[in-house]
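*Asks:* Listed below, chain by chain, are the residues.
There are 2 protein chains.
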Amino acid sequence: MVDRRNHHLFQPLLYQVATGDLSPANIAAPLRYLLRKQTNCTTIMAEVVDFDIEGRKVILRDGDLPYDYLVVAAGATHSYFGNDHWEPFAPGLKTIEGATEIRSRVLKAFEVAERETDPAERAAWLTFVIVGAGPTGTELAGALSEISNHTLLHDFRNINPADARIILIEAGPHALGHYPKSLCEKAEKSLRELDVELQTETMAIDITEDHVMTKRKGEETEIRIPTHTVIWAAGVAASPLAKKIAAATGATTGRAGHIEVGGDLTIKGHPEIMAIGDMAMFLGPDEKPLPGLAPVAMQQGDFVGARISALTQRRPFEKTFNYKDRGSMAVIGRFRAVALVGTKQISGFTAWMIWLVIHLMEITLFSSRILVVLQWGGSFFLRNRSARLITSETVVLNNRAAATERAA
Amino acid sequence: MVDRRNHHLFQPLLYQVATGDLSPANIAAPLRYLLRKQTNCTTIMAEVVDFDIEGRKVILRDGDLPYDYLVVAAGATHSYFGNDHWEPFAPGLKTIEGATEIRSRVLKAFEVAERETDPAERAAWLTFVIVGAGPTGTELAGALSEISNHTLLHDFRNINPADARIILIEAGPHALGHYPKSLCEKAEKSLRELDVELQTETMAIDITEDHVMTKRKGEETEIRIPTHTVIWAAGVAASPLAKKIAAATGATTGRAGHIEVGGDLTIKGHPEIMAIGDMAMFLGPDEKPLPGLAPVAMQQGDFVGARISALTQRRPFEKTFNYKDRGSMAVIGRFRAVALVGTKQISGFTAWMIWLVIHLMEITLFSSRILVVLQWGGSFFLRNRSARLITSETVVLNNRAAATERAA
Numbered sequence: 141m142v143d144r145r146n147h148h149l150f151q152p153l154l155y156q157v158a159t160g161d162l163s164p165a166n167i168a169a170p171l172r173y174l175l176r177k178q179t180n181c182t183t184i185m186a187e188v189v190d191f192d193i194e195g196r197k198v199i200l201r202d203g204d205l206p207y208d209y210l211v212v213a214a215g216a217t218h219s220y221f222g223n224d225h226w227e228p229f230a231p232g233l234k235t236i237e238g239a240t241e242i243r244s245r246v247l248k249a250f251e252v253a254e255r256e257t258d259p260a261e262r263a264a265w266l267t268f269v270i271v272g273a274g275p276t277g278t279e280l281a282g283a284l285s286e287i288s289n290h291t292l293l294h295d296f297r298n299i300n301p302a303d304a305r306i307i308l309i310e311a312g313p314h315a316l317g318h319y320p321k322s323l324c325e326k327a328e329k330s331l332r333e334l335d336v337e338l339q340t341e342t343m344a345i346d347i348t349e350d351h352v353m354t355k356r357k358g359e360e361t362e363i364r365i366p367t368h369t370v371i372w373a374a375g376v377a378a379s380p381l382a383k384k385i386a387a388a389t390g391a392t393t394g395r396a397g398h399i400e401v402g403g404d405l406t407i408k409g410h411p412e413i414m415a416i417g418d419m420a421m422f423l424g425p426d427e428k429p430l431p432g433l434a435p436v437a438m439q440q441g442d443f444v445g446a447r448i449s450a451l452t453q454r455r456p457f458e459k460t461f462n463y464k465d466r467g468s469m470a471v472i473g474r475f476r477a478v479a480l481v482g483t484k485q486i487s488g489f490t491a492w493m494i495w496l497v498i499h500l501m502e503i504t505l506f507s508s509r510i511l512v513v514l515q516w517g518g519s520f521f522l523r524n525r526s527a528r529l530i531t532s533e534t535v536v537l538n539n540r541a542a543a544t545e546r547a548a
Numbered sequence: 141m142v143d144r145r146n147h148h149l150f151q152p153l154l155y156q157v158a159t160g161d162l163s164p165a166n167i168a169a170p171l172r173y174l175l176r177k178q179t180n181c182t183t184i185m186a187e188v189v190d191f192d193i194e195g196r197k198v199i200l201r202d203g204d205l206p207y208d209y210l211v212v213a214a215g216a217t218h219s220y221f222g223n224d225h226w227e228p229f230a231p232g233l234k235t236i237e238g239a240t241e242i243r244s245r246v247l248k249a250f251e252v253a254e255r256e257t258d259p260a261e262r263a264a265w266l267t268f269v270i271v272g273a274g275p276t277g278t279e280l281a282g283a284l285s286e287i288s289n290h291t292l293l294h295d296f297r298n299i300n301p302a303d304a305r306i307i308l309i310e311a312g313p314h315a316l317g318h319y320p321k322s323l324c325e326k327a328e329k330s331l332r333e334l335d336v337e338l339q340t341e342t343m344a345i346d347i348t349e350d351h352v353m354t355k356r357k358g359e360e361t362e363i364r365i366p367t368h369t370v371i372w373a374a375g376v377a378a379s380p381l382a383k384k385i386a387a388a389t390g391a392t393t394g395r396a397g398h399i400e401v402g403g404d405l406t407i408k409g410h411p412e413i414m415a416i417g418d419m420a421m422f423l424g425p426d427e428k429p430l431p432g433l434a435p436v437a438m439q440q441g442d443f444v445g446a447r448i449s450a451l452t453q454r455r456p457f458e459k460t461f462n463y464k465d466r467g468s469m470a471v472i473g474r475f476r477a478v479a480l481v482g483t484k485q486i487s488g489f490t491a492w493m494i495w496l497v498i499h500l501m502e503i504t505l506f507s508s509r510i511l512v513v514l515q516w517g518g519s520f521f522l523r524n525r526s527a528r529l530i531t532s533e534t535v536v537l538n539n540r541a542a543a544t545e546r547a548a
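Each protein sequence line maps, in turn, to chains F and R.
All residue numbers in the first sequence are consecutive under this note's numbering, ending with 548.
All residue numbers in the second sequence are consecutive under this note's numbering, ending with 548.
Careful, some of the hints might be misleading.
[As the list claims (entries may be wrong)] Among chain F residues calculated to face chain R with C-beta under 8 angstroms, some are:
no., residue
1, S163
2, A168
3, S219
4, E251
Since the hints were made in silico from the structure, they are not lab data.
Where is the CB? At the ideal position from N, CA and C, for every residue including glycine.
Work out the full structure: start from the sequences and follow the hints.
*Replies:* In structure tokens, the structure reads:
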């Protein structure tokens with residue numbers, strides 16, 4: 141097991157680190173701790189930079205590693221659709237560092253607003269724009285609404301945190317667009333109740349230090365939203381390692397760089413190389429790629445484990461991977477969620493309870509279930525977020541002041 | 141209340157963040173949350189850079205703030221005794237970022253050792269040097285011993301974490317040298333039982349990327365300790381703001397830059413300016429400066445609060461600050477501590493229980509007491525540390541590899 145991080149991250153709850161509900165350690169656990177009882181497994185913290193397919197070696201930044209079978213599961217990162225210069229102004233939510241950076245920016249924005257005397261500038265500091273209304277963007281928008289309307293309500297003297305605008309921009313026609321329309325509408329109703337301004341069929345066409353330019357589908361007018369806090373929850377691209385594998389094996393990659401795998405999850409012409417999870421493109425029976433969800437990756441992990449076990453024991457293995465969709469869900473705020481189990485649509489408090497129970501069960505590996513229950517209890521019922529820390533190497537309070545200094 | 145951070149930090153437990161026992165949010169709470177019910181107090185997140193004593197203004201990085209009374213309590217930072225170039229190789233423990241940096245370095249050292257094939261290099265990665273055997277250094281050494289002898293014991297395949305050497309260097313004749321000799325000896329016995337190598341009357345004369353040079357008092361020979369992980373717990377210096385105040389008021393400063401204050405904690409000739417806590421030098425009845433401890437700062441805070449309250453209401457205030465020493469303590473490891481209450485010396489399990497109860501009572505402001513009990517329960521009894529995360533912007537695994545790259 142090679143990873144450039146020492147920890148496994150439970151990404152579905154990463155947004156709760158960004159919003160100060162949970163601490164990083166609640167949703168991440170050291171890989172070698174998780175694997176400590178599996179004595180035939182060695183965990184190595186190292187960065188994979190390339191592959192020597194001929195020589196059957198993984199090239200590390202500081203060495204290499206021979207293999208008989210190779211499973212590549214390097215996941216996905218966010219994509220700015222060719223606008224990588226937006227990244228400094230619109231961090232994404234894929235790593236612990238990204239989550240604590242977003243947490244710091246959101247809290248800092250309220251701090252700067254408290255001191256800002258110009259009403260327009262103050263409003264800009266109190267405007268939060270989230271690009272992309274998939275599950276991550278929707279969950280973040282709901283949590284930001286809770287923060288401004290409840291958590292911070294009595295902490296400031298010059299501003300009313302409830303004046304904060306939370307704008308959720310979505311290029312498609314609906315929030316949570318991959319759900320059936322009636323569930324989307326329920327989610328959108330929840331967002332409205334939480335005072336989130338959802339702007340559908342709207343694209344971000346430019347992001348800078350002090351504004352986002354948007355354009356509605358079919359309209360010519362560009363609209364300028366003054367803001368200093370933008371969160372990117374839109375594009376996803378496969379890990380750059382997918383391209384390296386593709387270049388070395390001649391495999392095809394999809395639109396977002398995902399590497400195409402066959403029915404047994406191997407790469408064409410290379411039965412010894414398997415790719416799984418968010419970086420792989422597996423076409424289901426309907427010729428549609430499977431979604432980038434944790435259950436897909438977990439089931440694929442089981443599959444390749446069984447395959448390697450069979451092959452190393454010289455047993456035949458002729459199965460084809462078959463994804464069992466047990467449902468999916470998204471949480472929008474306190475007591476609000478939507479869930480799709482088979483064709484059954486669930487929303488509101490029931491969906492939220494299901495979400496809670498499932499995530500509590502899943503998180504056991506990472507942290508004490510009791511700790512998370514208590515921490516959640518604190519933030520759900522007392523509406524207090526315990527992990528409201530602004531941390532960074534250099535505390536830059538006012539972006540403009542810092543920019544002026546740099547210019548001078 | 142002006143602070144460049146948004147949070148108040150409970151420094152006595154900072155070493156537990158460095159050792160992965162607690163998460164930062166367990167020991168830090170947003171200032172404006174702590175002060176939310178004090179409606180006559182405004183909290184500002186800003187960096188103070190200087191003072192305009194004549195104009196009675198605090199100069200911020202991005203503005204200024206007029207005052208009638210000024211209380212300066214900017215604390216202390218670590219001092220490398222003129223060897224600031226040691227800092228990159230020997231981070232200190234004063235901030236959350238310092239603590240997570242030390243946590244990352246310690247965990248990374250075990251990761252690199254696991255992959256290192258050269259026995260000498262592997263030993264160097266498994267050598268941890270702590271400079272300074274005051275409370276912080278002693279607590280850290282004890283906790284590192286727990287980590288290597290218990291927490292990580294079953295997690296590696298190529299190394300035995302218990303082979304780690306933990307070296308504690310102290311220039312004075314004893315660990316915890318400010319305690320009575322018999323307590324020092326008990327603490328030193330505890331350290332020996334934990335396999336910590338205590339080297340007293342020993343100075344660090346050079347610290348680099350791959351070694352520490354030491355010299356014993358009265359000896360000529362310099363000893364080279366190959367190591368990649370050094371933690372600085374030796375020198376303390378007052379915040380640079382003490383010098384600014386001194387320059388502007390003509391006040392005298394002590395050896396480590398502490399600013400001298402009178403019996404009413406004001407600065408000579410300036411009854412409107414008070415300095416308290418770790419940056420102030422208050423001479424007790426025995427002409428000795430008070431130690432840099434939290435209880436001193438807290439009692440001084442109460443004193444200046446009462447003084448300002450009296451003066452603003454035009455009541456007379458003629459008191460002199462008088463420190464009530466209720467005792468002090470240091471924890472060395474699981475079930476091991478020393479405490480001094482008046483002239484009463486307590487050690488072992490009793491002292492540890494007292495330490496636990498006092499710190500649990502103090503921490504209520506910062507985090508749920510139950511959360512901390514459970515987290516401590518986990519690490520004390522299950523010997524598992526839940527916050528074992530390596531986080532940083534760039535994951536540099538092998539310092540040497542990175543250095544080679546830089547050189548190339």
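*Asks:* Hint by hint, note whether the structure agrees.
*Replies:* Evaluated hints:
A cut of 8 angstroms between beta carbons decides the hint on F:S163: the least distance to chain R is about 4 angstroms, and the hint holds. Evaluation of the F:A168 hint against chain R yields a held restraint, the C-beta minimum of about 6 angstroms falling below 8 angstroms. For F:S219, the suggested interface contact is broken, since its CB lies about 20 angstroms from the closest CB of chain R, more than 8 angstroms. Look at F:E251: its Cβ gets to within about 4 angstroms of chain R, closer than 8 angstroms, so that hint holds up.
Against the hints set out earlier in the document, a violation occurs for number 3 only.
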